[in-house]
Each structure stands twice: as C-alpha cells, then as structure tokens.
Amino acid sequence: MRFKPQFLAVALAAAFSAPAFGQGTLVKIDGSSTVYPVTEAVAEEFQKAEKNAIKVTVGISGTGGGFKKFCRGETDISGASRPILKSEMEQCAKEGITYYELPVAFDALTVVVNPKNTFLDKGITVEQLKRMWEPSAQGKITKWNQIDPSWPDAPIKLFGAGADSGTFDYFTEAIVGKSKSSRGDFTASEDDNVLVQGVQRDANAIGYFGYAYYAENQGKLKAVPIIEKAGKPGVSPSMNTVLDGSYQPLARPIFIYVNAKSLDRPEVKKFVEYYMTHGSKLAREVKYVPLPDKAYVMNKEHLAKGKKGTVFGGVAEVGVKIDDLLAREAKL
Amino acid sequence: MAANAPESTSATAPAVRGTTGDIRRLIARAKRWDVIFIVLGILALGVGFLTFLALFLDMLIDGWERLRPEFFTQFPSRRASQAGILSAWVGTTLVMIVTAVVAVPLGVAAGIYLEEYAPKNWVTDVIEINITNLAGVPSIVYGLLALGLFVYAFGLGQSVQTAGLTLALLILPIVIVSTREAIRAIPAMIREGAYAVGATRWQTVKDHILPYSMPGILTGVIIGLSRAIGETAPIITIGALTFIAFLPPSPVTADFPFLSFEWLRAPFTVMPIQMFNWTSRPDEAFHANAAAAGAILVFMTLTMNGLAIWLRYRLRKNIKW
Numbered sequence: 001m002r003f004k005p006q007f008l009a010v011a012l013a014a015a016f017s018a019p020a021f022g023q024g025t026l027v028k029i030d031g032s033s034t035v036y037p038v039t040e041a042v043a044e045e046f047q048k049a050e051k052n053a054i055k056v057t058v059g060i061s062g063t064g065g066g067f068k069k070f071c072r073g074e075t076d077i078s079g080a081s082r083p084i085l086k087s088e089m090e091q092c093a094k095e096g097i098t099y100y101e102l103p104v105a106f107d108a109l110t111v112v113v114n115p116k117n118t119f120l121d122k123g124i125t126v127e128q129l130k131r132m133w134e135p136s137a138q139g140k141i142t143k144w145n146q147i148d149p150s151w152p153d154a155p156i157k158l159f160g161a162g163a164d165s166g167t168f169d170y171f172t173e174a175i176v177g178k179s180k181s182s183r184g185d186f187t188a189s190e191d192d193n194v195l196v197q198g199v200q201r202d203a204n205a206i207g208y209f210g211y212a213y214y215a216e217n218q219g220k221l222k223a224v225p226i227i228e229k230a231g232k233p234g235v236s237p238s239m240n241t242v243l244d245g246s247y248q249p250l251a252r253p254i255f256i257y258v259n260a261k262s263l264d265r266p267e268v269k270k271f272v273e274y275y276m277t278h279g280s281k282l283a284r285e286v287k288y289v290p291l292p293d294k295a296y297v298m299n300k301e302h303l304a305k306g307k308k309g310t311v312f313g314g315v316a317e318v319g320v321k322i323d324d325l326l327a328r329e330a331k332l
Numbered sequence: 001m002a003a004n005a006p007e008s009t010s011a012t013a014p015a016v017r018g019t020t021g022d023i024r025r026l027i028a029r030a031k032r033w034d035v036i037f038i039v040l041g042i043l044a045l046g047v048g049f050l051t052f053l054a055l056f057l058d059m060l061i062d063g064w065e066r067l068r069p070e071f072f073t074q075f076p077s078r079r080a081s082q083a084g085i086l087s088a089w090v091g092t093t094l095v096m097i098v099t100a101v102v103a104v105p106l107g108v109a110a111g112i113y114l115e116e117y118a119p120k121n122w123v124t125d126v127i128e129i130n131i132t133n134l135a136g137v138p139s140i141v142y143g144l145l146a147l148g149l150f151v152y153a154f155g156l157g158q159s160v161q162t163a164g165l166t167l168a169l170l171i172l173p174i175v176i177v178s179t180r181e182a183i184r185a186i187p188a189m190i191r192e193g194a195y196a197v198g199a200t201r202w203q204t205v206k207d208h209i210l211p212y213s214m215p216g217i218l219t220g221v222i223i224g225l226s227r228a229i230g231e232t233a234p235i236i237t238i239g240a241l242t243f244i245a246f247l248p249p250s251p252v253t254a255d256f257p258f259l260s261f262e263w264l265r266a267p268f269t270v271m272p273i274q275m276f277n278w279t280s281r282p283d284e285a286f287h288a289n290a291a292a293a294g295a296i297l298v299f300m301t302l303t304m305n306g307l308a309i310w311l312r313y314r315l316r317k318n319i320k321w
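Residue numbers (my numbering), protein chains in the order written: chain A, 1 to 332; chain B, 1 to 321.
So that you can see chain A by itself, here it is in the shape it has in the complex:
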C-alpha cells in the first residue's frame, strides 16, 4: 500500500488549499429553470449586499421537482413557472407546510420563425397555431398552405419545448386549450438553445420558447406577432406589450413560493424583501419582463398581512391579468 500516503497527500493538499469561508446562515432555493435566472441574479446581488454573511443556494429541479422538495420542508423557497397544483397543495397540507405565493416577473412565450420567413410578418392567430399544434394535426398538417392557402407550399418544421417543461404545459394550455395536449411529431428539446439553432437553420421552421432566448438571439430569429382573435391586430412580444396585457395569451407570470415558517428566520425574510425591492431591475437585466412596480409593493403587503396560500386554487389558468391576480383571495 505504498501509493496511499502519496495519493492522499495530493488529494488533501488540494482540499486544504481551498480558501476558508466563515459559517453563516443559509437560504435554500430550488425549482423551475424558468425562474432560475431571476432568482440567481437576486441571490448573487443579495449575497454581495450582505457581504456573504448570508448564504444562498439555488438548484434547478423544475417546477414540479421543486414543489416536491418544498412540500417536504427541504427548501425555503421554490421557483415556479406555473401556479401550484392541487396535488401539490395537498402534499404541502399533509406536511403542514404553509406558504406565500409571490409573482415575481413575466415570461412571454415567443413564437419564432426564420428571418427569411416573410409571410408571417403580419402575425399568426391563436386559431392557426392551434391547428398547427393540436394532437389531431399529427401527420396531417405538414405544409404551410394547409393552414392558410396564401402561405407557401412548403413543409412546416416544428420546434417546441420538451414535454417535462412548464413551458410545454403553458403553451399547450394557452394554444390547444388543454395542458400537455400536443402533436408529437415535432423536434422537442428541454434545451432552448437547440430550438434556437433549429429555427435559425431552416427557412420553413417555426418554434416557441421563453422570451429571454429570443431577446438574446434577435438577429438570428424573428418573433411572430400573435393575433389573439381574428380581426384583432397582431401583437409582438416586448416589455411593453406584456406589461400592458396586450400580448395574450402567451404571457404568463412566474412565481416564487416562500415557506411561511422559514420566513420567521431573519435571513429568509431579508432575502424575500430584497427580492421584492430589487427584483424588478434584476428581472429586466436578465431579459425577463418585470411586473408593474405596485405588484412588488402589494407582494410586500401580503407578506406583512400574512396572506398565505395560492390564488389559483390548484388549477392552471391562461391570460390572467396581474392586477386581478393580486387582488384575489388566497387559500391554502
């Protein structure tokens, strides 16, 4: 066993050379990958502001995976790209976990096409998107002119979110009318960069993903204006159209859920307060659409007044206005 001392010496030297950090208090966050960029930015700035006295960890388990941990009491805060579901509410109730539901920003699902595509410049109606994406379109709707005769006789190449993502859930709910109901013969990826590249390379492609990925790739992709109902004008996704509620139905609020018991700990309270104060600026920085300023103020009020629970009652909803959402009664 002569090699052992040498091996250990090398290994331990590496470990010992790691700079030392004092022990501090910890805020544990997990959940949706859609909410992650905002939470990460807040966590980064918060730790700087607190001079590393408070430590924050952020994981990505997805909205559902995050709620599983949250309802077992393993995390203090959970990011969610959709409201908490009934089954998750029951799980939390069983473990005696109560929580605050705080919307923190908007994400605008963006329908994108190749820059060479010109026939969609005026926009696409929700009805047309539905005919393109609904399950019965599988294998049947394969050419653009099948949806609108004025569109070219060329194959449609579809790119969309993977079936495990909240983005997929929301898009299908908003467009097809039923969550998770979609045709299966499209290029699906959990990695939005794969979708960006796919649409960028194919003149006949159409795809959807979160606004941040469009914002970072504006030169390579074109966003399609969405026409909510035939006759209405097409609305392109942007900070303004999302904020004034005209970009419908693909704009959605994203949330953080805060464990009420954790909120009694000063470090969690400080973090959530920091989130509500600086969240707007940081969300904008990571290319998300911030809520109107008064929404963050109302969130703080709700925390102060102890307005626990969800305002959705465990059901997914499309096209909720942020004012209505904040005014609703919450329940656990």
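Keep in mind the hints are simulated off the structure, nothing from the lab. Please note that a few of the clues may not be correct.
[Claimed, not checked] On the chain B side, residues computed to face chain A include the following (Cβ under 10 Å):
hint: 1; residue: P76
hint: 2; residue: A240
hint: 3; residue: L241
hint: 4; residue: T242
hint: 5; residue: F243
hint: 6; residue: P267
hint: 7; residue: T279
hint: 8; residue: R281
hint: 9; residue: H287
For each residue, glycine too, the CB sits at the ideal point set by N, CA and C.
Since the structure of chain A is provided, determine the placement of chain B on it from the hints.
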C-alpha cells in the same frame, strides 16, 4: 518426424517450387497484410485520438478568452464575464476525495478476498456475476439508490459526502474487477514461492500480491475516478445545486483539534453541472464559459491519468521477479 519434414513441405506446397523470385513474391504478398493491418491500426487509433484532439482544441479555442486566473477564483454569476468555476472545481475535488477514500479500500479489499480467499463455489460465482453486471448499470440508477438510501434513509443530506459515496458505489465494480485482473496477472510461482517458505496467506498478500498488483489496481482506480469526475446524472438526482456562491467550510481550523469534517455536510456543485447550466443559457457569452470549464475538466482528468502513469512507473521500477 524429422525425416518426413522436407517431404511434407514439398508435398503441401507445390506452388513454391521454382525460383527464389517466386518465394520472395510469396513472402511479399504475405507481408502485405502486415502493412494493411498497420494502416488500419493507425486509422483506428487516429479516430480516437483525433476525436479527442478536435474536441479538446475546439473547447480550448472557444473558451480561451475565459481561461484566466480569475476564472478559477470567481463564483458563478449572471454576468458571463464575471462567472467563474471556484465552487465547481472545489466541489469536484472534494467529492473525488471522498469517492477515492471510500471506493479504493473497499474495492481492493473485495478484489483480494475474491481472488485469494474466497472458496470457489456457486455463491462466489453469483457474487462475481453480480459485480460484473453492476459495472454496466446506468449511473442514474445509482443516483436513485443514493437519493433513497443516503439522502433520506441515512439522513446524510444533499451534501459532499452523499455525492462522494454515490460515485464510490458507481466505481466500486471497476475497482474490484481491475484489482482481480491485476492479481491474476501475477505469476503463480510468486504465490507458490511464498507459501513454500511458510508464509501465511495474509503475509503473501501483504508482501507480494498487493505490491505487485498495485500498478494494475492504480490503473483501474484512475479509470474509475475519470468516469466519476464527469458524471452528472446521479449527482443531479441527489440534489447538487446550480448556483452556489460560497465554499464548504475549510478542513483546517484555527482551534483544537485543527481538523474539521464539516465540509462533508456542505452543499455543493460540480464541474459537469456548472458546464451544463452554462450551455443551456440564452446568452452566448456563457457558452465560452462552458467551453473553458470543459477544457479544464478534461485537463483535470488528464492530470489524474498523468499522476497514475507516474505512480505506476515508480512502482513498477521496484518490482523484480
């Protein structure tokens, strides 16, 4: 027999009969296969080597901008230019230490037992088959096992120690199998010689089997650790974090007893997870970070391999049989 030999040669090879030129041509034709095989061999080698080189160089070129000292001393950040791999490389190093400390003694001991002590019966056979099969189990399965066993049943938490133990389980079969291979390569006369002068089994193992098989065992350990260092699936399953901007507590403290094992319980992230997170970002500047982190991860693996080759060389020098 000797009298028959020339006759049989001439009988089986009538075509050879003739000038020496014919024979030369025959030899040349036979040797052509050598040339063909050498070319094929070099091509086969080239596929592996060039693929590695292309991948490594591509990452190096893409990530070159970011390969600065700060990259190693900065925490993750939402700004690509300020993001670094400090928490990731420290996490990977600590997890690897736990993995090696757990897997090597267990694996080597199990290998020695199976080769030197275990009776040859069906129980041993079943164990052997199981170990070989374990080496082929997908790593995510180990992650699920670890989540149930280490994280929840044993309450070890989503920590460095859990990750280390999980990866140790993952590489255990590799260590066991390579230990056994190394022991089998030792000539039987060594063992017999030791027994002949009255050595016990343990003395034989301690003074002969283990030192002589060490180079082979080491190779297996490094192959195992090289696999473990790049694992993502089981580590994500047990709950490694994506954003973590602090380090585990230092193992050396100012107060008595000067050593602390608090770091075993610390939350962590590892290099492959950090890379994965950066590749899926919308901002392209992060992709350069991912490439740089990838190049460093490859470099870490190469360093481990280099260390193994050097140790093996040193150990082999001392072996005389």
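What are the numbers of the hints the structure violates, in ascending order?
none
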